[in-house]
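*Asks:* The primary structure of each chain is shown beneath.
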Amino acid sequence: MSECRKDNLVHFAVTIISKDRPGIVADTTEVLYRLGCNIEDSSCTMLGGDFAIILIVSHEKPFAKGRLVEEYKGLQERTGLSTYVRALSETEVCPVKEEGELCLVSVYGSDQPGIVYRVTRALADRKVNITDLNTRLIGTKEEPVYVLMLEAILPAGMAVEDVSELLENLRKELNVEITARSITPVSL
Amino acid sequence: MPAQKILTYPHPLLKKLARPVIRLDDEISGLVEDLLDTMREGPGSVGVAAPQIGVLLRVCVVDVSGSKFGRDNNHGLLVLVNPEVIEREGSAIMREGCMSVPDYTGEVERATRIVLRYQDADGSEKQIDATGFEAVAIQHELDHLDGVLFLDRIVSLKTGLFRRKNYR
Chain A
0 MSECRKDNLV
10 HFAVTIISKD
20 RPGIVADTTE
30 VLYRLGCNIE
40 DSSCTMLGGD
50 FAIILIVSHE
60 KPFAKGRLVE
70 EYKGLQERTG
80 LSTYVRALSE
90 TEVCPVKEEG
100 ELCLVSVYGS
110 DQPGIVYRVT
120 RALADRKVNI
130 TDLNTRLIGT
140 KEEPVYVLML
150 EAILPAGMAV
160 EDVSELLENL
170 RKELNVEITA
180 RSITPVSL
Chain B
0 MPAQKILTYP
10 HPLLKKLARP
20 VIRLDDEISG
30 LVEDLLDTMR
40 EGPGSVGVAA
50 PQIGVLLRVC
60 VVDVSGSKFG
70 RDNNHGLLVL
80 VNPEVIEREG
90 SAIMREGCMS
100 VPDYTGEVER
110 ATRIVLRYQD
120 ADGSEKQIDA
130 TGFEAVAIQH
140 ELDHLDGVLF
150 LDRIVSLKTG
160 LFRRKNYR
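Protein sequences appear in the order of chains A and B.
Per numbering that gives the first Met the number 0, the very first residue in the first sequence carries number 0; after that it's consecutive.
Per numbering that gives the first Met the number 0, the very first residue in the second sequence carries number 0; after that it's consecutive.
FYI, nobody ran anything at the bench for these hints, they're computed from the structure.
There may be inaccurate statements among the hints.
[Said to hold, decoys possible] Some but not every residue of chain A turned toward chain B, in silico, with C-beta under 7 Å: (1) Ile23; (2) Pro184; (3) Val185; (4) Ser186; (5) Leu187.
All C-beta atoms in this analysis are idealised placements derived from N, C-alpha and C, irrespective of residue type, glycine included.
Here chain B stands alone, though its shape is the one from the complex:
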């Protein structure tokens, strides 16, 4: 399948809770291929979640290895099925944008390190320790599985010195 169209807000699926994948079958393999193609198509995209292409299942792909923020610290291409953050620590603010909310960016606070449990494309149980930009990207994509957009997490209206100093 070719790259899919990225749904943009106010498409209702973007605010819905995605269902867990029960069985990894051909349908899921096809979905993963679509997600990968869509990610590769998006300019500078480092991740796509299934709800963004209209599929309400807990599947997303992340790859920050080509990004200048993540190139030195990543697990390469990640196919995440039923992903779950089981530990998080630290916090940092980054200005995020999202293909599903064009023409807008905002400062979002994310954990700087997460431990993630998930199934890969073959259904094997995996656990990784992700930090830095990769951790941010994973948290952003996982939010899509819960119907949460970065707009729901913006922490700052402007770059006020006083509001920022806590995070340095």
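Excised from the complex, chain A in its bound form:
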């Protein structure tokens, strides 16, 4: 949305994790529908054998967080999924719009501790803002391979080549493949 006027709304972050099965999203959102909550933003995906749901929901004021918590407690008892509800402050509600170039970084190589930490720390130190990230362990038991994919917005003045250069030392030190490429959307 180009403008962010939500003074009449109260917002919550809802996190739900459950052993994967068909119907988790439906069960979860049925509660919201019944309570009259709107889903403003969401991300749901399979993680290992679990299904993870993160939602930003809103409701017209007045609305007590306890109602959400209570409903999900019931669902939790019936189906075994685990939920967490947090009230959001007004400053958290509006998305931060950044204008820099969008970059995809892929990192993969033999599994070892610290791949995610080292890469993301190097990016954070240069004010690169990660917008999306996922990792997966692939390969075989004997030769596990770690794959990290992330999307990030580069700060003004930084180019994709700078990201490659920035991660070059890490590539050698960890002996992993690291490539960065521009995925800035084309405006049509």
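Let chain A serve as the given structure and place chain B on it in line with the hints.
*Replies:* Frame of chain A; chain B shown alone:
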């Protein structure tokens, strides 16, 4: 005429089928001028289709020569009247955004090479072979003539390694 306002979804015209141009008259020339002005006005815009400015006719303009993706491989400014893709091959995925759907982008699969038949601004029959980003831009604009938005063509929810490798 000055640059026109770009309609944004859910404006109903964006989901309608545009009519072919029967005769190239002053009205069409005016429309082409409006499209060109609107394209030049849009920041980084490489194309505008008539339905995006509220005219349900099969006319669009494309120019990728100023874009870093298309600057080395293009036919310059294209005025496309009654355009029709008569051949397509290859496929590539690109993250597209659209002036008619602000604040959203998504990965769309398009042919990497197309043969396009159309009439130019003077009504002459033309045929070109477009590749790369120019081909993508043309396909995006032609979709507008059929009431199709890039949202109808998104192929990937996220940048999953496994889903992408087929396209490399």
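*Asks:* Hints first: check each against the structure and report whether it holds.
*Replies:* Verification of the hints:
1. Against a cut-off of 7 Å between C-beta atoms, the interface hint on isoleucine 23 (chain A) is violated, since the closest Cβ of chain B lies about 16 Å away.
2. For the restraint placing proline 184 (chain A) at the interface with chain B, the shortest Cβ-Cβ distance is roughly 4 Å, inside the 7 Å limit, so the hint holds.
3. Taking 7 Å as the C-beta cut-off, the interface hint given for valine 185 (chain A) holds, the closest approach to chain B being about 6 Å.
4. A distance limit of 7 Å between C-beta atoms decides the matter here; for serine 186 (chain A) the minimum to chain B is near 5 Å, and the interface restraint holds.
5. For leucine 187 (chain A), the interface hint holds, since its Cβ comes within 7 Å of a Cβ in chain B; the closest pair sits about 4 Å apart.
Checked against the numbered hints given earlier, this structure breaks only hint 1.
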